[in-house]
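**Student:** Chain by chain, the residues:
2 protein chains.
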Amino acid sequence: MSVITENAGGRGGGLGDGSTVSRSVLVKPGMCGHNSLFVGNLGDWTWETVSELCDTNAFDATNADGSPTYLSFYYFHIRASPRMHVNGLTFGDRLEVGSRLFDFGSESILTLHEVRPEGARAGPIDPERFYRFADPDCIYVENYNRWITRSRPGSNEDLVKSSPVGFRHDHLPKLPDEYSPRRIYNHARNRLTFLDGLPGDRVPLAPRLTLDYPIEASRDLNGVGLLYFATYFSIIDWALLRLWRRLGRDTATFLDRVVLDHRLCYLGNADADSVLRISVEAWEKRGGAGDEIVNVVIRERDSGRTVAVSTLHVLSTGGAHDDA
Amino acid sequence: MSVITENAGGRGGGLGDGSTVSRSVLVKPGMCGHNSLFVGNLGDWTWETVSELCDTNAFDATNADGSPTYLSFYYFHIRASPRMHVNGLTFGDRLEVGSRLFDFGSESILTLHEVRPEGARAGPIDPERFYRFADPDCIYVENYNRWITRSRPGSNEDLVKSSPVGFRHDHLPKLPDEYSPRRIYNHARNRLTFLDGLPGDRVPLAPRLTLDYPIEASRDLNGVGLLYFATYFSIIDWALLRLWRRLGRDTATFLDRVVLDHRLCYLGNADADSVLRISVEAWEKRGGAGDEIVNVVIRERDSGRTVAVSTLHVLSTGGAHDDA
Numbered sequence: 001m002s003v004i005t006e007n008a009g010g011r012g013g014g015l016g017d018g019s020t021v022s023r024s025v026l027v028k029p030g031m032c033g034h035n036s037l038f039v040g041n042l043g044d045w046t047w048e049t050v051s052e053l054c055d056t057n058a059f060d061a062t063n064a065d066g067s068p069t070y071l072s073f074y075y076f077h078i079r080a081s082p083r084m085h086v087n088g089l090t091f092g093d094r095l096e097v098g099s100r101l102f103d104f105g106s107e108s109i110l111t112l113h114e115v116r117p118e119g120a121r122a123g124p125i126d127p128e129r130f131y132r133f134a135d136p137d138c139i140y141v142e143n144y145n146r147w148i149t150r151s152r153p154g155s156n157e158d159l160v161k162s163s164p165v166g167f168r169h170d171h172l173p174k175l176p177d178e179y180s181p182r183r184i185y186n187h188a189r190n191r192l193t194f195l196d197g198l199p200g201d202r203v204p205l206a207p208r209l210t211l212d213y214p215i216e217a218s219r220d221l222n223g224v225g226l227l228y229f230a231t232y233f234s235i236i237d238w239a240l241l242r243l244w245r246r247l248g249r250d251t252a253t254f255l256d257r258v259v260l261d262h263r264l265c266y267l268g269n270a271d272a273d274s275v276l277r278i279s280v281e282a283w284e285k286r287g288g289a290g291d292e293i294v295n296v297v298i299r300e301r302d303s304g305r306t307v308a309v310s311t312l313h314v315l316s317t318g319g320a321h322d323d324a
Numbered sequence: 001m002s003v004i005t006e007n008a009g010g011r012g013g014g015l016g017d018g019s020t021v022s023r024s025v026l027v028k029p030g031m032c033g034h035n036s037l038f039v040g041n042l043g044d045w046t047w048e049t050v051s052e053l054c055d056t057n058a059f060d061a062t063n064a065d066g067s068p069t070y071l072s073f074y075y076f077h078i079r080a081s082p083r084m085h086v087n088g089l090t091f092g093d094r095l096e097v098g099s100r101l102f103d104f105g106s107e108s109i110l111t112l113h114e115v116r117p118e119g120a121r122a123g124p125i126d127p128e129r130f131y132r133f134a135d136p137d138c139i140y141v142e143n144y145n146r147w148i149t150r151s152r153p154g155s156n157e158d159l160v161k162s163s164p165v166g167f168r169h170d171h172l173p174k175l176p177d178e179y180s181p182r183r184i185y186n187h188a189r190n191r192l193t194f195l196d197g198l199p200g201d202r203v204p205l206a207p208r209l210t211l212d213y214p215i216e217a218s219r220d221l222n223g224v225g226l227l228y229f230a231t232y233f234s235i236i237d238w239a240l241l242r243l244w245r246r247l248g249r250d251t252a253t254f255l256d257r258v259v260l261d262h263r264l265c266y267l268g269n270a271d272a273d274s275v276l277r278i279s280v281e282a283w284e285k286r287g288g289a290g291d292e293i294v295n296v297v298i299r300e301r302d303s304g305r306t307v308a309v310s311t312l313h314v315l316s317t318g319g320a321h322d323d324a
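If you read the protein sequences in the order shown, they are chains Z and G. Position 160 of the first sequence, counted from 1, bears residue number 160 in our numbering, the numbering being contiguous throughout. Position 30 of the second sequence, counted from 1, bears residue number 30 in our numbering, the numbering being contiguous throughout.
Hints in this document: simulated from the structure, not taken from any laboratory. A few of these clues could be false.
The list treats identical chains as interchangeable, and a pair is accepted whether it falls inside one copy or across any two copies.
Here are the computed lysine to any residue pairs in the SDA-like style, where the Cα-Cα straight-line distance is at most 25 Å [claimed, not checked]:
{"id": "1", "residue 1": "K161", "residue 2": "G92"}
{"id": "2", "residue 1": "K161", "residue 2": "T90"}
{"id": "3", "residue 1": "K285", "residue 2": "L209"}
{"id": "4", "residue 1": "K161", "residue 2": "N186"}
{"id": "5", "residue 1": "K161", "residue 2": "S151"}
{"id": "6", "residue 1": "K174", "residue 2": "P127"}
{"id": "7", "residue 1": "K174", "residue 2": "P124"}
{"id": "8", "residue 1": "K285", "residue 2": "P199"}
Please model the entire structure based on the sequences and the hints provided.
**Tutor:** Put into structure tokens, the structure is as follows:
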């Protein structure tokens, strides 16, 4: 029996235009749990898909100057259901992952992933169907990435755009304009939330919480010394747990939460010695206990520079919603 | 170009006795960095190798009662060199990983991994050669694992031994007695260190440091709610960074450290709400600045129960030793 079933050989995914990769995945301890390991794997799948389809090794790319250039995460969106969500995955689960790339020019790229249990009905990834988020057996993931490089050796600030030599993207499909992530992440960057105002049926859940998170040099950095993109998810979860405690809730309910929607815009990196100042606001649905929206803004404390903006839709009562 | 080169098809590794798996690995962001991601991957490779060769899916195993049983880490040993060590790996690196299993009965198993850069000379994994640790281009990894199950639902304490149905091990080679990890981990369990007394040329580096680490429910648990085995490495690194700061050292030198030898014995798990009390002692070589031994004992604070014992050999001056 082979349990290593990862396989990127299946191009096309039914569309046959060289924009899609399919994988069969066995979930391992190193890619699930109450942590950001699954998100980290999603990121690796984005880089693998680009490496597979765009004539560029995303894991070892250089720009025209010969400097390393990284396919940096700029906007990350995960959409799930109580039946199929990130914290619900455990080792031994078998998944089918389809990944499709869309052309956004030489400096960026969009990847759509659809993650389903093995054997679930999965057609080709079609934007119109993807953005309906209608299949409760699917985790929908949008990754918008930009090629960046360091502007100063050793510093994680002021990263600048920089495409690798030979990055091929013209052959990829265009995303219909109505789904473009640009409007969404521009809104988040300008308004420090993904929310278009609050729906009328929402009331504040708690006073705004302000937390300081010192970057943990023993744990938060990736293989090139940058704040690892999945660490931002860990830091947001860290802040969410503090909100939980402020509300007098216990750890078990935290572990049982269902994150239905998670949007994250990466506006900056930070050095290993920085302290991040995190602002958390939360609203619940009036009368709908457990249906909550949380907005998180992460700044570099000393400079005030915004590092990330994130908005989550959470079912805090978790398992109670299993049949939703 | 395919960058997914993981491949467990190559049984034998030159020995042809069904005890060995070989992999070609492209290092991705999700498996390297200043964190415990690479260690997590080593653990996954142990489980994959057992799943491949022992007729048991380690990712989804159950005992005779039908309860989940986990191939829990009990003793983990990493031996490296300034040229090839865990914190020195980065994405884009290509590795060859050989993994060989040894029979330790129905309740436990030993896995030896040899991790080398692609193209390095690698013969079959032979215990006599392995335990000489002589190749500076190799990271040597020993994993001793035991099958365990929860004795009470929802609790991470009092985990008990429990083999899965159908676990096949008789066909695996026996490890020569002189290399058995049992003497080593028994010593660590009884003496709370892997050291056989200190060599005469060592002097204390700092007074004993005592730290409290509250388990972080947003980050430390695996997909079944247990403290993830790789998290113990993160907690030890967290403590090591506090030692670094106590000594007035900066973050850059911490990131540049070389861990030549890391032994870790897992004596217990802990619940998500626990606080761990960590004791750190360190010695340097007299006159040999930067050559340091660190001993870490982790207890559950409230009960005093010992959870882990670890001893590290570290070059704190890192890069300065690159030609050693």
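**Student:** Please flag the earlier hints that this structure goes against, numbers listed from lowest up.
**Tutor:** none
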